[in-house]
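Using the sequences and the hints given, assemble the complete structure.
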Amino acid sequence: MILLKLKSIRIKDVKRLHNTSISFYDKMGDKVRNRTIIVGKNGSGKTTLLEVIYGIAYLLEKGVRGIQDGIQDEEIIDFFSPGATEACFEYPVLDGTNQLLVRTGKAFQAFDKGPAPAVQDDVNIAKGDYVGQDRMPDCLVSRTESGRKFLEKVQIAAAGLEDRTPIGNVLYFPTDRFAKFSGGSGELVNEKPEFRWCYRFNRDQDEWKGSLESFLVWLYFHDLQREKLGYPGSSKFEEFKAMINRFLEGKRITTVNTSFKVEVIESGTNRTYGLEALSSGEKQVILLLGEIYRYISVGSLILIDEPEIHLHPVWQRIFIATLTDLCEKYDAQLILTTQSPEIAKSVMSSEVISLDNLLDESEVSANE
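Take the sequence shown: its position 136, counted from the start at 1, is 492 in our numbering, and no numbers get skipped.
Since the hints were made in silico from the structure, they are not lab data.
Honestly, I wouldn't trust all of these hints.
[To be verified] DSS-like, lysine-lysine: derived pairs with alpha carbons at most 27 Å apart:
no. : residue 1 : residue 2
1   : Lys548    : Lys685
2   : Lys584    : Lys548
3   : Lys387    : Lys505
4   : Lys701    : Lys387
[Stated by the list, open to error] FRET-style restraints, in silico, Cβ to Cβ:
no. : residue 1 : residue 2 : range
5   : Thr610    : Pro588    : 18 to 26 Å
6   : Glu508    : Pro549    : 20 to 28 Å
7   : Gln511    : Glu622    : 42 to 50 Å
8   : Ile665    : Gln511    : 33 to 41 Å
9   : Ile665    : Arg602    : 13 to 21 Å
10  : Lys505    : Gly586    : 38 to 46 Å
11  : Ser379    : Glu518    : 28 to 36 Å
12  : Thr610    : Pro549    : 21 to 29 Å
Positions of the beta carbon are idealized from the N, C-alpha and C atoms, including for glycine.
If you want it as structure tokens, here you go:
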């Protein structure tokens, strides 16, 4: 099992980020931080940063096809022209830790003027002329044995070829989130989670099968079946329910009813209704925590762009605490962006990075 952690990232000429270096390493604790909060005003590049991290992971799985698809969709073209990125990951081995360096774009030229990389290039992903003198076509080149083995692990995991997942995954939640729960009846369908190396929330999920509520219904009956057969272990539906009920005032999630819908009961009146009747803030909490709970694995990297959307300041603090507990359980790394003072104040100052300050520093350096 590879517990991959993002140690640092360098970005050059990708949208607003012209020469930006960010470290996720805690020098005092001598380890990668489990939680990092990126703050900055609109236009500072917060979303670009998360897109770059997700894009690098996406390319590692998809290879040449990922480069072609990404450029066709105009999602990752800036990684190659005019931009470049360099991500340093680390993972534990028997005698300490190994580092894995992944570069995209102008991999051989972009960072020559900066400090030398800590390790040799392990994986180089290039496009056209940006491979240097070789002038190779679209390619994903593994430059070391550790890089080759890592790419093999990613491809094996993504293809579902191992019963036990050999590596953590990447879960990304952009700001374009719309929490939608349908009325009417549901149905019981197979929603057993499958490993996804790169998960990006899709707001256009309209069908019952594949929806979050369908997964919660499946989880409820899955737990009942395990209990009936005498399997050990606590109920995952009950665990999720307790996590969400921390946020619900005057109401609580109780069960799944005979219409195969998650049921909410109102305190005092005992009136029942479905998830579709909840407020936008309550739906956002269920959406984020539910999808993370659904796909998280040991060693996941979780990326969230502005989780404060629709959340009351008090809920923002509870959300960060709840998410932190979940990440600790799975040894997951959390990186999120925010404009919320409440979120920034809810963590240690050493876990907060101001992107505005980094941009100012890079502009001063460029003008010197």
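Hints and how they fare:
1. This hinted pair checks out: Lys548 and Lys685 have alpha carbons roughly 21 Å apart, not beyond 27 Å.
2. For a cut-off of 27 Å, the pair hint linking Lys584 to Lys548 stands: about 18 Å separates their Cα positions.
3. Among the hinted pairs, Lys387 with Lys505 is consistent with the structure: their alpha-carbon atoms are about 23 Å apart, no more than 27 Å.
4. Only pairs whose Cα atoms come within 27 Å are accepted, and Lys701 paired with Lys387 is accepted, the gap being roughly 22 Å.
5. For Thr610 paired with Pro588, a C-beta distance near 24 Å keeps the hint of 18 to 26 Å intact.
6. Distance hint for Glu508 and Pro549: a CB-CB separation of about 23 Å, consistent with the stated range 20 to 28 Å.
7. For the pair Gln511 and Glu622, the supplied restraint of 42 to 50 Å holds, since their beta-carbon distance comes to about 49 Å.
8. With their beta carbons about 35 Å apart, Ile665 and Gln511 fall inside the hinted range of 33 to 41 Å.
9. One distance hint, 13 to 21 Å for the beta-carbon pair Ile665 and Arg602, holds here, with the actual separation near 19 Å.
10. A beta carbon spacing of about 40 Å between Lys505 and Gly586 agrees with the range 38 to 46 Å that was offered as a hint.
11. Separation of Ser379 from Glu518 is about 32 Å and conforms to the stated range, judged on CB atoms against 28 to 36 Å.
12. In this structure, Thr610 and Pro549 meet the distance hint of 21 to 29 Å, their C-beta atoms being roughly 23 Å apart.
Of the hints listed earlier, there is not a single one the structure fails to meet.
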